[in-house]
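Engineer: The primary structure of each chain is shown beneath.
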Amino acid sequence: MPINKEFKPKIVAFCCNWCSYAGADLAGSSRLAYPADVKIIKVPCSCRVNPMFILRAFEKGADGVIMCGCHPGDCHYSTGNYYARRRMTLLFSMLDYMGVENGRTRVEWVSAAEGVKFSTTMNEFVEKIYSLGENVRLGDLRCKK
Amino acid sequence: MKKIAKSNLSALFAKINETKDLYVPVKNGEQVNFAAYSEEAEVDLTALKTVKSPKDAFFPQSENLYTCFNEQGKISITPEELQDKDFVVFGMKACDIKGIEVLDKVFLSEPVDSFYAARRQHGIIVGLACDKPEESCFCTVFGINPAEPTADVAVYDDEDFLYWNALTEKGNALTETLCDLLEDADNTAVENKKKEITAIAEKLPYANLSLEGWNGDALTEKFDSPIWEELYKPCLACGTCTFSCPTCQCYDIKDYNTGNGIKRYRCWDSCMYSDFTMMAHGNNRTSQMQRFRQRFMHKLVYFPANNDGMYSCVGCGRCVDKCPQNLNIVKVIKAFEKGGKA
Amino acid sequence: MQKIVERAKELLADGTVNRVLGWKKGDMCFNPEPAFFETAEDLDENFVYGGFCGANLSKYMIDASKLEGKTLVLLKPCDTYSFNQLINEHRVDREKAYIIGVGCKGKLNIETIKQSGVKGILNITENGDMLNIETLYGNTEMKYSDALLERCHVCKGKEHKIYDELIGESQDTSDRERFAEVEKIEKMSPEEKFAFFQKELSKCIRCNACRNVCPACSCRKCVFDSTKFDSSQKANTDSFEEKMFHIIRAFHVAGRCTDCGECSRVCPQGIPLHLFNRKFIKDINEFYGEYQAGADVDAKGPLTEYTFGDCEPSIVKERG
Amino acid sequence: MQRIGVFVCHCGSNIAATVDVKKVVEMVKTEPGVIHAEDYQYMCSEAGQAKIIEAVKEHKLNGLVVCSCSPRMHEATFRKCAERAGINPYMVEIANIREHCSWIHKDMDEATEKAVILARAAIAKVNLNAPLQAGESGVVKRALVIGGGIAGIQTALDIADAGFPVDIVEKEPSIGGRMSQLDKTFPTLDCSACILTPKMVEAAAHPNITIHTYSEVENVSGFVGNFTVEIRKKARSIDMDKCTGCGLCQEKCPMKKTPSEFNRGLGNRSAIYTPFAQAIPNVPVIDRNACLKFKTGKCGICSTVCAAGAIDYTQVDTMVTEKYGAIVVATGFDMIKLDKYDEYAYSQSKDVITSLELERVMNAAGPTKGHLERLSDGKAPKEIVFIQCVGSRCADGRGKGYCSKICCMYTAKHAMLIRDKYPDVNVTVFYIDVRTPGKNFDEFYRRAVENYGVNYVKGQVGKVIPQPDGKLLVQGVDLIDNKQILKEADMVVLAAAIEPNPDVRKIATMLTASIDNDNFLTEAHAKLRPVESPTAGIFLSGVCQGPKDIPETVAQAGAAAVKAIGLLAKDKLMTNPCTAKSDELLCNGCSKCANVCPYGAISYEVKEINDHGIRETRRVAQVNNALCQGCGACTVACPSGAMDLQGFSNRQIIAEVDAICR
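Residue numbers (this note's numbering), protein chains in the order written: chain P, 1 to 145; chain G, 1 to 342; chain H, 1 to 320; chain Y, 1 to 662.
In case anyone wonders, no lab produced these hints; they're calculated from the structure.
Keep in mind that the hints are not guaranteed to be accurate.
Said to hold, decoys possible - Take a look, some chain Y residues computed to stay more than 12 angstroms from chain G by CB distance:
1. 32
2. 451
3. 659
As the list claims (entries may be wrong) - Under the rule of at most 20 angstroms between Cα atoms (straight-line distance), these lysine to aspartate or glutamate pairs were calculated in the EDC-like manner:
4. H:119 to G:157
5. H:199 to G:157
6. H:203 to G:157
7. H:96 to Y:584
8. G:338 to H:44
9. H:66 to Y:420
10. P:128 to H:42
11. H:300 to Y:516
12. G:338 to H:318
13. H:143 to G:42
Beta carbons: idealized from backbone N, C-alpha and C, even for Gly.
Sequences and hints are given; from them, build the entire structure.
Structural biologist: Given below as structure tokens:
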């Protein structure tokens, strides 16, 4: 990872309670490190993630937002991640269309057994955010210190 | 009377901009709005009306009032600084300048609005006579002369030259700083221009609009009129009329959470919005008819009743041009003239 | 137009409808307004249907559905999509509407005419394919097809999707590729895209005209007016707010927007708002199959449906 | 603003080794709402919990943040602790500073900073938490089984044996379903009727089972534990109490030319009929469309001959309304219609039949009394061709995309039975793949090939052309030898795809149970909850959920019964309090939320709303807390934000986002 002591990215990870949050727990209990820049918010299901939350994170200064849920077909609520998948696809496409670097958003399906995948995904994502640098295209200037 | 070749205008702007902030009409796409001057900005003095009125320069759509900052439980409060640098608004039209007079009545009477007062103190208005009045203009109805902007400096656009006539002390002082760029001129071109403008103004389709009966005495009669019920129906409850208007002065005060503190700011509000003056119990105007009526009653009845007959409409015609569903104050006035069923 | 008035009078007279929702003559030929008519006299005197009657009346039917009796509503072909969508969302009552589908040969945009440099317009008359324009500064003319609203250039077709009867002829006006503008932006570099939208959205004054005119934005209380979401905003305080507003607005109407083009028509700052909605429409078509909101009154809508094999969000990156 | 206590756990050294817990305590003390903060060695221990309870009492706390291990570990512990301390258990939030922090970070400063941020997010959330109460609802101790085939019968028997009353609703005049139409069953070749009939009798005789035949479910309302179902009992024209089942009426009925449904139209039945000899109940019905009495008013022979006086031409449909705690769907399947597969000449030749028709032909009670003969001329066939996957595994959209699963086995069975009884008959099977997973299934298939000499050809049949001499010319391809095959056959048997009973969509809609594009009911979880519908209280038995053979169907029927018993055994259902909630003042009634709800928990009510003094009749969403599982799909589908999720509200999540991003 490039060493840039100046830049400490803020990264929000929305994780569904049933798969990805448990996957993150497994990463923890397996001591699979990923940068502390990632902060996890627990939601019952990826379908609970409102595009508004993602924009809100960017508004308040997040540099990257990642959403994790159960693999398609494995949703605890059967269909939640299917809706989430469509919503996020459209939202990300719109952000890309508006010139926001598409590496700042990501969706990854992580099961409760995939602690390794969780950790790898977070490492990759954080690295990507470091390479993109500070988020200047989305965000409210009033929140910048 | 001075003049400057239009080809030399950018030098004039640059000169003003050296010591003062400068706001000029700038074209962005097909729209012209007042904006801070920069070398790259496409200054457009030919557009008769900017989409938004230039009241922004004195009463911005949004401005911070103060900032609270929370650090480990310690809260500090920093008030926003008042305007202390002179600035020039270049190219305001007679109607918009009259609009500022309307705002003065609101913000400069007690209690004085210090933010607004500071801007008025430091603001220098360079008024531009209306080269080609348009069909939606009806400033003359309110006694405004589009050929005589009552600014610090009145400017006339005539073919290759801009004629420059300082009218106030502020105007003279500004002229002083620009003496290298301005040359002396006689009045002929300006007088001809004024005649031309006046001639067109007389032919405007709304020139003969009558304001008879619009005063404080007519309050109950107008308020209770069934005509409002017919007029408001197409209204979308958007704020286009309000936000393009040079005289609308309502604002809301809100807090913005920056994470570590609060920025308290005020921003324009529109009486057309359903959450205008929303209170805990709900809203005191419960229907769009009431909100619609409020806007026009305020401009044509309440305001003149409280301000020696000064209407808070200046006939700029922006709402006439911009209302998405083609409602406007002229149609309201005409409807009452006819007694309904316009 | 006379046919419409005659038929409307008949339907009023025989009690089929209690009122007529149409357009009323303005004080200029180019500023008619949406209006309700309740009497034959009113119709005779004030009704108008012409090139400047661009307003989509379907949203007014939300309130009209609450009134006693039926309302005769005049819908242009593109308006019928909006009406269908409103039925789908239980916002209007089909039983309360008597729909006359009116012919459409494209609607005119006064802003386009003014932007061509015409000032002080006093009157505009149609003369075959031309518009004769009378102004304070002399007379001029312009091709009818050059003065059309953007949406008419990419017209979905002149078929009415719902009606009780049809009056009047239509003319095809579509002469541009619907997604050409969107594709043009898609091809830009991220920097260019950002600059483009920054420039356009910097004009936004948050007047909410786009939202309030939109037949899909029929919420009783918009999230941006509600304190429930902690999203209540009014100001254009920071450039982010406009972005947030327009992205979320487009997202909320994604799969529901019929591309009626009213948002772009009403924007006082001429922001091409349809570029947001049309981007979503294009994406939905590409990702989930062709879908036209309002074409089918019973459709479930692409964002409340799914298939196992839907593309992953990473497709955005993969497409480059 | 709440009065919040923050409790930071060392977890021995698990947390404390990398997170400076003292510093976390100091840092969070100035957060809005925080009244008290402390740390302890093991917060989850008795002593740790005692500290929490003590702090609650001392500082009058009403919200708790515990910075500790994952909520998956001890959230329940701390919620119970909160309850003991006298505050609502849902006023507790956990900041996961172990799995998500101390265990993955090495740098103390970094980990401490992150722990503080995670704590802040939890504090911001608790500030917006509201006390939530788990609801309770009663359970009606009675089950409904829709469908009286082997799946429905088995489920009903199992539930009844557990001591709960069960009603079976069957739309045909008799229970028995598809299995009653079969001749023999694989892989053991028992006679189908011999193993089914005892079950039917047992069900009919069981004191806990009520059977409504010739009946359909008309309306369902309510929710898990408390469904109200209206059942239409169609007019049978027979008084069931009087009828002795002597059969004289059927014998004397002059209208004997109605195609028999039971025999798949290959034989005829009378207008007054029982579908088959072992029918339960053994009470006939009058087919009013076929009956002379009903068509012309003249006849009445059955009434004359009935000694019991059971015939009642004036009978009308009656409605039964009953309450149930659980509903099991066992609506079964039918064969697809073959009109899209005319290349196999099904509509052109009587000698092209489906496998189910072959079952009737081979059955001793069937139209040919069990003799294998051509239906066109009654001649014994010498050459029989079986065509597999007719409409199954179909990519072109004409048929079904799925594998019907049972065809490979029953075709092997048919081939074997024919070769066994008529060794001079040649049997050829055209197949795409032979799929025989299952106990003793592959052995069975191999026996057909190896011991009985059935000729299996890997390849598809392009066309069956009826010849003038009555033969059928089969054009196929052998993919292994890569050659065209032209074969003259006397009979062609089509393994037509099976599809869910077409009525199931109507039933699923009534039950708000989700259903896929092929009309199979969807499971709550494809792997872990295969016999439950996502809609609580609805269970799935048999082929309505997916293609199955008899043993699988019976196994699933039992599993569905167990799930239903588990529900009926409870006196009260506790409902998850983190459910969606609609704000009636904001709701547009647009139905977007209901469209995405997998549980059918959202309904609409048209009611008068008082919106700050404005009274209006509006269509608004209502969430049934007993059904809602709290996924939150509806909250995002709702454009106005009227729909929110308790415990994970929009404002709560936004507060967490803000706290993390500040």
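Engineer: State for each hint whether it applies.
Structural biologist: Hints versus structure:
no.: 1; hint: 32; in the structure: violated, 8 angstroms
no.: 2; hint: 451; in the structure: holds, 79 angstroms
no.: 3; hint: 659; in the structure: violated, 8 angstroms
no.: 4; hint: H:119 to G:157; in the structure: holds, 17 angstroms
no.: 5; hint: H:199 to G:157; in the structure: violated, 29 angstroms
no.: 6; hint: H:203 to G:157; in the structure: violated, 27 angstroms
no.: 7; hint: H:96 to Y:584; in the structure: violated, 24 angstroms
no.: 8; hint: G:338 to H:44; in the structure: holds, 17 angstroms
no.: 9; hint: H:66 to Y:420; in the structure: violated, 75 angstroms
no.: 10; hint: P:128 to H:42; in the structure: violated, 66 angstroms
no.: 11; hint: H:300 to Y:516; in the structure: holds, 14 angstroms
no.: 12; hint: G:338 to H:318; in the structure: violated, 64 angstroms
no.: 13; hint: H:143 to G:42; in the structure: violated, 29 angstroms
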